[in-house]
Amino acid sequence: LSSERRRVSNTDAGRETRTKEGKRRIAPQLLSSPTQVATSS
Amino acid sequence: MSLVTVTNVDVLDNPAKFTAPFRFEITFECISELAEDIEWKLIYVGSADDAKYDQELDSILVGPIPVGLNKFVFEAKAPDYTKLPSEEIIGVTVALITCSYQGAEFVRIGYYVNNSYADPALRDDPPMDISLEQKIELLGREILNKPRVTRYQIKWDPTVIPMST
Numbered sequence: 001l002s003s004e005r006r007r008v009s010n011t012d013a014g015r016e017t018r019t020k021e022g023k024r025r026i027a028p029q030l031l032s033s034p035t036q037v038a039t040s041s
Numbered sequence: 001m002s003l004v005t006v007t008n009v010d011v012l013d014n015p016a017k018f019t020a021p022f023r024f025e026i027t028f029e030c031i032s033e034l035a036e037d038i039e040w041k042l043i044y045v046g047s048a049d050d051a052k053y054d055q056e057l058d059s060i061l062v063g064p065i066p067v068g069l070n071k072f073v074f075e076a077k078a079p080d081y082t083k084l085p086s087e088e089i090i091g092v093t094v095a096l097i098t099c100s101y102q103g104a105e106f107v108r109i110g111y112y113v114n115n116s117y118a119d120p121a122l123r124d125d126p127p128m129d130i131s132l133e134q135k136i137e138l139l140g141r142e143i144l145n146k147p148r149v150t151r152y153q154i155k156w157d158p159t160v161i162p163m164s165t
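Chains as they are written, first to last, in the working numbering: chain A, 1 to 41; chain B, 1 to 165.
Everything labelled a hint here was simulated from the structure, so no lab data went into it. Bear in mind the structure is a predicted one, so any value in this text is a computation, not a measurement. For each residue, glycine too, the CB sits at the ideal point set by N, CA and C. Be careful, since some hints might not be right.
So the derived label-pair ranges between C-beta atoms look like this [what the hints assert, rightly or not]:
| no. | chain 1 | residue 1 | chain 2 | residue 2 | range |
| --- | --- | --- | --- | --- | --- |
| 1 | B | ASP157 | A | LYS23 | 18 to 24 Å |
| 2 | B | GLY103 | A | ARG15 | 21 to 27 Å |
| 3 | A | LYS23 | B | MET128 | 40 to 46 Å |
Here are the simulated lysine-lysine pairs, BS3-like style, with alpha carbons at most 30 Å apart [said to hold, decoys possible]:
| no. | chain 1 | residue 1 | chain 2 | residue 2 |
| --- | --- | --- | --- | --- |
| 4 | A | LYS23 | B | LYS155 |
| 5 | A | LYS23 | B | LYS77 |
| 6 | A | LYS23 | B | LYS71 |
| 7 | B | LYS41 | A | LYS20 |
| 8 | B | LYS71 | B | LYS17 |
| 9 | A | LYS23 | B | LYS17 |
| 10 | A | LYS23 | B | LYS41 |
| 11 | B | LYS17 | B | LYS52 |
| 12 | B | LYS146 | B | LYS41 |
| 13 | B | LYS155 | A | LYS20 |
| 14 | B | LYS41 | B | LYS155 |
| 15 | B | LYS77 | A | LYS20 |
| 16 | B | LYS41 | B | LYS83 |
| 17 | B | LYS52 | A | LYS23 |
| 18 | B | LYS71 | A | LYS20 |
| 19 | B | LYS83 | A | LYS23 |
Facing chain B, according to a computed beta carbon distance under 8 Å, are these residues of chain A, among others [what the hints assert, rightly or not]:
| no. | residue |
| --- | --- |
| 20 | GLY14 |
| 21 | THR19 |
| 22 | LYS23 |
| 23 | ARG24 |
| 24 | ILE26 |
| 25 | ALA27 |
| 26 | PRO28 |
| 27 | GLN29 |
| 28 | LEU30 |
| 29 | LEU31 |
| 30 | SER32 |
| 31 | SER33 |
| 32 | PRO34 |
Excised from the complex, chain A in its bound form (with noise of 0.2 Å):
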């Protein structure tokens, strides 16, 4: 589940969509992950 968001957010950052109670949907775009926290200190 976890590579799977972290790859559909990356796919999809900044793009907004609606669900299908019409309400706006965008996924954010990720920064930065705990792993590569940990790898880049």
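Following the hints, position chain B against chain A.
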């Protein structure tokens, strides 16, 4: 402990025309997988005296949210000036960014907003005998720095285990 922490908000396109959309670049950290999206709203306080003039300018769901540091741009339309008390359009008011999870608000960020004539000369000598629509077109909006941030404790997903960072 909050699973989502707002780490920074940059106000974009500031100052702007009164009729321009609000734009905020929001950076937040998520320390655990969330089952649902988080919901952001922008509320414009139309009158200091009566909450009935509050306008929810926009709301947006953000998700799916990966664990880590994330950012997105929240754009919301300008207030409907026809629903504001005309005598309170010019002056200082408040815009509130709220964020909720499963309907529970966990952070509120309040900004002072100063609406005035974009042309400084008009501030001292306001135009007379113009329509409200014409007046609105002459107005600018400046969102002031140093927001007031209020955090609330909420119940997050019962099964989540925060990841160590």
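Now for the hints, and whether the structure bears them out:
no. : hint                           : result
1   : B:ASP157 / A:LYS23: 18 to 24 Å : 20 Å, holds
2   : B:GLY103 / A:ARG15: 21 to 27 Å : 25 Å, holds
3   : A:LYS23 / B:MET128: 40 to 46 Å : 43 Å, holds
4   : A:LYS23 / B:LYS155             : 24 Å, holds
5   : A:LYS23 / B:LYS77              : 15 Å, holds
6   : A:LYS23 / B:LYS71              : 19 Å, holds
7   : B:LYS41 / A:LYS20              : 19 Å, holds
8   : B:LYS71 / B:LYS17              : 25 Å, holds
9   : A:LYS23 / B:LYS17              : 26 Å, holds
10  : A:LYS23 / B:LYS41              : 12 Å, holds
11  : B:LYS17 / B:LYS52              : 24 Å, holds
12  : B:LYS146 / B:LYS41             : 19 Å, holds
13  : B:LYS155 / A:LYS20             : 26 Å, holds
14  : B:LYS41 / B:LYS155             : 19 Å, holds
15  : B:LYS77 / A:LYS20              : 22 Å, holds
16  : B:LYS41 / B:LYS83              : 19 Å, holds
17  : B:LYS52 / A:LYS23              : 23 Å, holds
18  : B:LYS71 / A:LYS20              : 24 Å, holds
19  : B:LYS83 / A:LYS23              : 23 Å, holds
20  : GLY14                          : 7 Å, holds
21  : THR19                          : 7 Å, holds
22  : LYS23                          : 6 Å, holds
23  : ARG24                          : 4 Å, holds
24  : ILE26                          : 5 Å, holds
25  : ALA27                          : 7 Å, holds
26  : PRO28                          : 4 Å, holds
27  : GLN29                          : 5 Å, holds
28  : LEU30                          : 5 Å, holds
29  : LEU31                          : 4 Å, holds
30  : SER32                          : 5 Å, holds
31  : SER33                          : 4 Å, holds
32  : PRO34                          : 4 Å, holds
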